[in-house]
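Construct the complete structure from the given sequences, taking the supplied hints into account.
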Amino acid sequence: MTEEVLRVEDLHTSFFSRKGVVKAVDGVSFSVHKGETFGIVGESGCGKTVTGLSILRLLPEPAGKITGGKIILEGTDLLQLSKKAMRAYRGSRISMILQDPMTSLNPVFTVGDQISESVRLHQGLPDNMVEPEVISALRLLKIPSPEMILHDYPFQLSGGMRQRVVGAIAMSCRPRLLIADEPTTALDATIQAQYIALFKDVQRQTDVSIIFITHDFGVVANMCNRVGVMYAGKIVETAATRDIFKNPKHPYTIALIRSVPRLDEKDERLYSIKGQPPSLMNLPPGCRFYPRCPLGEEICQREEPKEVEVAGGHFVSCWKVK
Amino acid sequence: MFSITPTIEVKKPEKQYTGLSRRARIVRKLSLVVPLTVMVLMVIMAIFADLSWIGLPDVGLSPKAPNDGVARDKLLPPAFMEGGKSEYLLGTDRLGRDVLSRIIHGARVSLSVSLLVIAITAAIGTALGVIAGYMGGNTDGFIMRVVDVALSFPGLVLAMLLAVSIGPGYWTVVFALSILGWAGYARLVRGEALRLRDSDFVAQARVNGASSMRIMMKHIFPNVLNSLIVIMTLSVGMMILAESALSFLGIGITAPQASWGSMVSDGRTDLDRAWWISAFPGICIGLVVLSGNFLGDWIRDKLDPRLRQQ
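Line by line, the protein sequences are chains A and B. Residues 1158 to 1479 in my numbering are what the first sequence spells out, letter by letter. Residues -2 to 307 in my numbering are what the second sequence spells out, letter by letter.
In case anyone wonders, no lab produced these hints; they're calculated from the structure. Among the clues, some could well be false.
Unchecked claim - Derived DEER-like restraints, expressed as beta-carbon distance ranges: (1) B:L33 with A:S1302: 34 to 40 Å; (2) B:I23 with A:P1264: 26 to 32 Å; (3) A:L1215 with B:L300: 50 to 56 Å; (4) B:G283 with A:H1308: 38 to 44 Å; (5) B:I23 with A:G1316: 35 to 41 Å.
What the hints assert, rightly or not - According to the in silico footprint, chain B covers these stretches of chain A (three or more CB under 8 Å from chain B): (6) 1211 to 1225; (7) 1273 to 1280.
To be verified - Straight-line Cα separation of at most 27 Å, BS3-like style, residue types lysine-lysine; simulated pairs: (8) B:K215 with A:K1240; (9) B:K299 with B:K26; (10) B:K61 with B:K71; (11) A:K1222 with A:K1463; (12) A:K1241 with B:K215; (13) B:K82 with B:K71.
Please read these numbers as outputs of a predicted model, since none were measured by experiment. Yeah, the Cβ is synthetic: ideal placement off N, Cα and C, and Gly gets one too.
Below you can see the structure in the form of structure tokens.
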């Protein structure tokens, strides 16, 4: 296997509020290799976005805090860095595309200004070198006639184009790791497909590792090499994308895949998982999925399941999986 | 996949169609030209009232010395009215001083006080507002409590206190108006900054590794500018009026010296027989306030990239 770019070990992130402590991420571990796309899938509120923000150390302060674990990017533990050193990492070695890229551009500056911000901040280039860098970032994202777009304001661009500009900003310093937080949710299906194809292409050219956060299994199938399925702040199953679809082990993964509408099925009622995810403030003692699990047993209620490797690179946390 | 590069050259149409009728275009043009002319004239008036600033107090636009009255010429109506003298174009006041000369000299005080105060208050208020809104938490709490105190403090009482302690005069007026005036700006800007802080482009800037300082300067401030300019231009009038109120109370500009506000209040007692003493400086205040508002709108439109296109 290729070189490991990022390793997250036993990450704990909590939000402290007057009502209590919300354990948004509770012991998450995974790793991302060079040029690979790792998907994090799960329903709303399971901690996907918080995991992404924790890696960048950009949790909303003062409520959010990383309470334990390690985040190792190419041998450096990001949690040990000073604030200033961390800032130098953001945008240059790790960047992120936010949930709604449509509004991620500052309305009063031109596209060129905004891309060059990141270039100037991190590369310390002389002024005459900035523009070629910016244009090459726009080219990387296949933006037609970048020299013209450079002088446009965000509102003059279409949604799909703005999205690519945001991508160009993220890629402008050729980061090693890109965290994409549901970047396709705000797009319609055709543009979504184009965007994913575009990202695969960018990845091929730059060898960037991507963490792709999504709730859409269709996107996962297209985009990711490996997937981690998250439920209530924990990764319950990690495997190569093929294995997740062919041979899902965790009952939650099975249920999630069953609830994706399929073209080859006749008029059946779409499967849905009963109940609600547990409150992260008040977690059940045993397996978090127990209250909704069709296979639940007595031990599931009592003790949290350990992670077991069922096949090469396929990890599951469930008592029912041997 | 999307590698089509457009090579079609679009020729610029000779006359750009702006979607407005001829009349609307003229009105639009006038709404810039007229206020701009008024403002420029007022400023020229203020600067060249006399040339005392290069040592020539007797040369200037002002036809007469503003503070020297001629007793037998008191309360003369403007030249175009019956009984008016051609040497006093806008009449004289009860001390026989030329109203036009006093208006020209008064422009100096009125305009400079209001511009100075606006510059000071807007700068302080904006800086504190952006910091409070962006930083949040205790910083925000502290700054906003100071703002609350400043806003709840009766301005006139403070001004009187100042006049008593440091004496009346030009700088007392500037100081008295500035010391409380910043609070309004701080509150407005803080609200905007608070909204912008949670906007996606600020989050994106943070993701790109921008420092707090940079985010405040580059992302928050330019987006606050629009509302700021509107408030600044609106307060031109307010400041001229505030200055006149202070002068009227004897805290501001002292007796023989003229400011528009003090002239309006001086003429008040003779309003029934000599309306011109108050009316002409009043018209000047009105003109400056109106032009200020028009210009403010225009500047705001120019600063907004969405409206800049036309």
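Compare the structure with the hints numbered earlier in the document and write down the numbers of the violated ones, lowest to highest.
3
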